[in-house]
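Novice: Top line first, the protein sequences correspond to chains A and B. In terms of my numbering, the first sequence opens at residue 1 and continues consecutively. In terms of my numbering, the second sequence opens at residue 1 and continues consecutively.
Source of the hints: derived by calculation from the structure; they are not laboratory data. Please note that the accuracy of each hint is not assured.
Since the list gives no way to pick one copy over another, a pair counts as held whenever it fits inside one copy or between any two copies.
To be verified - Think about it this way: if two alpha-carbon atoms lie no more than 27 angstroms apart in a straight line, the pair counts; the simulated DSSO-like pairs of lysine-lysine are:
no., residue 1, residue 2
1, Lys305, Lys76
2, Lys76, Lys335
3, Lys83, Lys185
4, Lys43, Lys305
5, Lys19, Lys305
6, Lys76, Lys119
7, Lys254, Lys76
8, Lys2, Lys305
9, Lys305, Lys185
Protein chains: 2
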Amino acid sequence: MKFDVKKAVLVEGLTKVSKVIAAKSTLPILQGILMEVTEQEIKLTGSDTNETISHCIPVDGENVKVYETGKTVLQKQVVDIVKKSRKEITFTLDGFTTTIRSGKGEFDLNGLDPEEYPKFPKVDLEKPTLVFNGNQFKDFIKKTAFAASDKDTRPVLKGVFCDIQGDCIKLVATDSHRLSRVTHKTSNSADIQLVVPAKSLENAIKLFDLDYEVEVFADNGQLLAFRNGPTIYLTRLIEGNYPETSRLIPSDFKANMRINRKEFLSGLEQIYDIANASDGNTKGTAKLHVNGEACLSSHQAQTGKGRIDIPYESLEGEDGFTISFAVKYAIDSLKALECEEVDFKYTDSMRPFLLSPSSDTSDLEEVQLILPVRTIES
Amino acid sequence: MKFDVKKAVLVEGLTKVSKVIAAKSTLPILQGILMEVTEQEIKLTGSDTNETISHCIPVDGENVKVYETGKTVLQKQVVDIVKKSRKEITFTLDGFTTTIRSGKGEFDLNGLDPEEYPKFPKVDLEKPTLVFNGNQFKDFIKKTAFAASDKDTRPVLKGVFCDIQGDCIKLVATDSHRLSRVTHKTSNSADIQLVVPAKSLENAIKLFDLDYEVEVFADNGQLLAFRNGPTIYLTRLIEGNYPETSRLIPSDFKANMRINRKEFLSGLEQIYDIANASDGNTKGTAKLHVNGEACLSSHQAQTGKGRIDIPYESLEGEDGFTISFAVKYAIDSLKALECEEVDFKYTDSMRPFLLSPSSDTSDLEEVQLILPVRTIES
Chain A
1 MKFDVKKAVL
11 VEGLTKVSKV
21 IAAKSTLPIL
31 QGILMEVTEQ
41 EIKLTGSDTN
51 ETISHCIPVD
61 GENVKVYETG
71 KTVLQKQVVD
81 IVKKSRKEIT
91 FTLDGFTTTI
101 RSGKGEFDLN
111 GLDPEEYPKF
121 PKVDLEKPTL
131 VFNGNQFKDF
141 IKKTAFAASD
151 KDTRPVLKGV
161 FCDIQGDCIK
171 LVATDSHRLS
181 RVTHKTSNSA
191 DIQLVVPAKS
201 LENAIKLFDL
211 DYEVEVFADN
221 GQLLAFRNGP
231 TIYLTRLIEG
241 NYPETSRLIP
251 SDFKANMRIN
261 RKEFLSGLEQ
271 IYDIANASDG
281 NTKGTAKLHV
291 NGEACLSSHQ
301 AQTGKGRIDI
311 PYESLEGEDG
321 FTISFAVKYA
331 IDSLKALECE
341 EVDFKYTDSM
351 RPFLLSPSSD
361 TSDLEEVQLI
371 LPVRTIES
Chain B
1 MKFDVKKAVL
11 VEGLTKVSKV
21 IAAKSTLPIL
31 QGILMEVTEQ
41 EIKLTGSDTN
51 ETISHCIPVD
61 GENVKVYETG
71 KTVLQKQVVD
81 IVKKSRKEIT
91 FTLDGFTTTI
101 RSGKGEFDLN
111 GLDPEEYPKF
121 PKVDLEKPTL
131 VFNGNQFKDF
141 IKKTAFAASD
151 KDTRPVLKGV
161 FCDIQGDCIK
171 LVATDSHRLS
181 RVTHKTSNSA
191 DIQLVVPAKS
201 LENAIKLFDL
211 DYEVEVFADN
221 GQLLAFRNGP
231 TIYLTRLIEG
241 NYPETSRLIP
251 SDFKANMRIN
261 RKEFLSGLEQ
271 IYDIANASDG
281 NTKGTAKLHV
291 NGEACLSSHQ
301 AQTGKGRIDI
311 PYESLEGEDG
321 FTISFAVKYA
331 IDSLKALECE
341 EVDFKYTDSM
351 RPFLLSPSSD
361 TSDLEEVQLI
371 LPVRTIES
């Protein structure tokens, strides 16, 4: 193996694949980066067995010149060495030792046997199951993944449920206290149900270059693959049946309050300082009281109390209700909605309420559901 | 107590004094902020008993209008509440409850009894012992404080020794493996020796507005006070005798290598990735070998080895020596020096070497000393 490479293209690839490399791993070889050099490309791979990232740098004779093909597993120090190199770098492999030369510096890195690097199940990258515009993909994840559970008690709730039937894509996440759902009409067509770790999806959108499309390959029951330009991202799926959630979402309401999203968010963020101050049982809870006007309030015995009026645009139905909820959940939901105005849909102080955009766009429907908190009426 | 205040001036003061407030404190009242309102000023104070910050906002009738004087201790939530307020805020104290009104929000914060707030020893702020230009003060601290010890085994070494004799100010810090010293001729005159916690000095320069002068008040044997515009910073001094260090610094050398500081620094940072890779005994050690040319190298059994040639400007004296040292220490020292070229002054592979600017400015002399590491010659 011998090649010349421009620092910039190599740094990009190494930075991406090193994101999944753990400092400690039960398999020491997974602390390294697999480098495979052919006449077509330099392929870099990093993995923690749950997530695997590959990045290909094409051999174009300008950024990369290959004199001899080969492969090795490089120790993670390669990332910092390359980052601090000069613009032109030469890699040479001799036995298991890779020599990195740049400017007046020369580094001999002990390598590991590439034959010992774990083989991952093959995913067929011929025909994508689904194709998303980069920003659209990011948008769907940002609107749902935050609502997934971060607890191990019900592993399936740590995932985002992707339910694709015909031309309808539905993404759902819930931690059983709140639920986020987006429904989108696509031009593709498929019939697939799978649960993807929410953490992996959040990592994926940080990693991806959103100027490229995101192609999804779902023909393997254990793994899901994403291709984003030169980068391939593999994640294990979560096994188990995702709970039926459609019945949880109420469809008729006693009141619908239309409200400016940013005003509501700003009020919640202010009340959060009081609501979250105590470490008692009612941690993070505020009360919304609607009666001619809307007022958010919170009372914590130790810290004090706060109240803030929230001007609303319109109110249909019942005028005169009170509901308590976790402020953090409402903040998360309103941040995800991103629209100008939202509808606050109320049924009963003991039943979930909804936050949704006042005007759905034709091909995207989104719902944020939050369960109320029972409080002793004061 | 009742006053109107512009958000911007209050946020500045609260942000400064809250820097020393601990989330947990043995004295719960120290988790709060003392607010004293007179007809002249709003004075805010935060403290963790070792460090105390006060900030005064003058009553100018524009940014601040006082209707009623008073004092209270506010819970730390006040900082976030004020940060999220509108531009105009009204504070009203009733009993121990402070009401903060801004826009459509109203917050009642439970307060604590200001009479229970600890009284700190009075420091006379009439006549400063020393006055520094803000940037000069920062410069002196940045060139020395990093070399202080962070271990509790010898508390006095966690401080910076300030030795002022006549018009000569000397600052020294050492962790017994390296030493930094600046000597400065001042226009003031004093005769004081004291040991100031390095951490406090580093906090002070982050806190200070360097457009203002820094006045130092050293008439109290236990406390040192700094005044920087509207901000007063008090820190406890470290008790105990600082070791005599002047004899440690060699004055005659076998070799003096003049070298471009940035080139040397860049070489050290590259070699650091290899030197610091192993967690063995020789952690972080590199070797400088001079013989016609200068070469930095490091060898770690597990990771590999690196070498990098460092072009030097000139070499006086012995040409042919090798010395091993902790790369991190050399990096820290070179960063502190900030000049174009440095002198690497060598005596013996077992004796400390010096790094100093090739040309001292007339009123500032600086020395960075590093002890070599003994290694088995390979």
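Novice: At most 27 angstroms between CA atoms: does that hold for lysine 19 and lysine 305 within a copy, between copies, both, or neither?
Specialist: between (43 angstroms within a copy, 25 angstroms between copies)
Novice: For the identical chains here, do lysine 83 and lysine 185 meet the 27 angstroms Cα criterion within one copy, between copies, both, or neither?
Specialist: neither (43 angstroms within a copy, 42 angstroms between copies)
Novice: One pair to classify: lysine 2 and lysine 305, alpha carbons no more than 27 angstroms apart. Within, between, both, or neither?
Specialist: between (68 angstroms within a copy, 19 angstroms between copies)
Novice: Could you place lysine 43 and lysine 305 in one of the four classes (within, between, both, neither) given a Cα distance threshold of 27 angstroms?
Specialist: between (58 angstroms within a copy, 25 angstroms between copies)
Novice: Can you give me the call for lysine 254 and lysine 76, within, between, both or neither, at a CA distance of at most 27 angstroms?
Specialist: Neither, since 59 angstroms and 40 angstroms both go past 27 angstroms.
Novice: Measure nothing new, just compare the shortest in-copy and cross-copy C-alpha distances for lysine 76 and lysine 335 to 27 angstroms and report within, between, both or neither.
Specialist: Between copies, since 26 angstroms is at most 27 angstroms while 37 angstroms is not.
Novice: If the cutoff is 27 angstroms on CA atoms, where do lysine 76 and lysine 119 land: within, between, both or neither? Let me know, please.
Specialist: within (19 angstroms within a copy, 54 angstroms between copies)
Novice: For the identical chains here, do lysine 305 and lysine 76 meet the 27 angstroms Cα criterion within one copy, between copies, both, or neither?
Specialist: between (51 angstroms within a copy, 14 angstroms between copies)
Novice: Between copies, within a copy, both or neither: which fits lysine 305 and lysine 185 at Cα up to 27 angstroms?
Specialist: Neither: 45 angstroms inside a copy, 56 angstroms across copies.
Violated hints for the displayed structure, listed by number in ascending order: 3, 7, 9.
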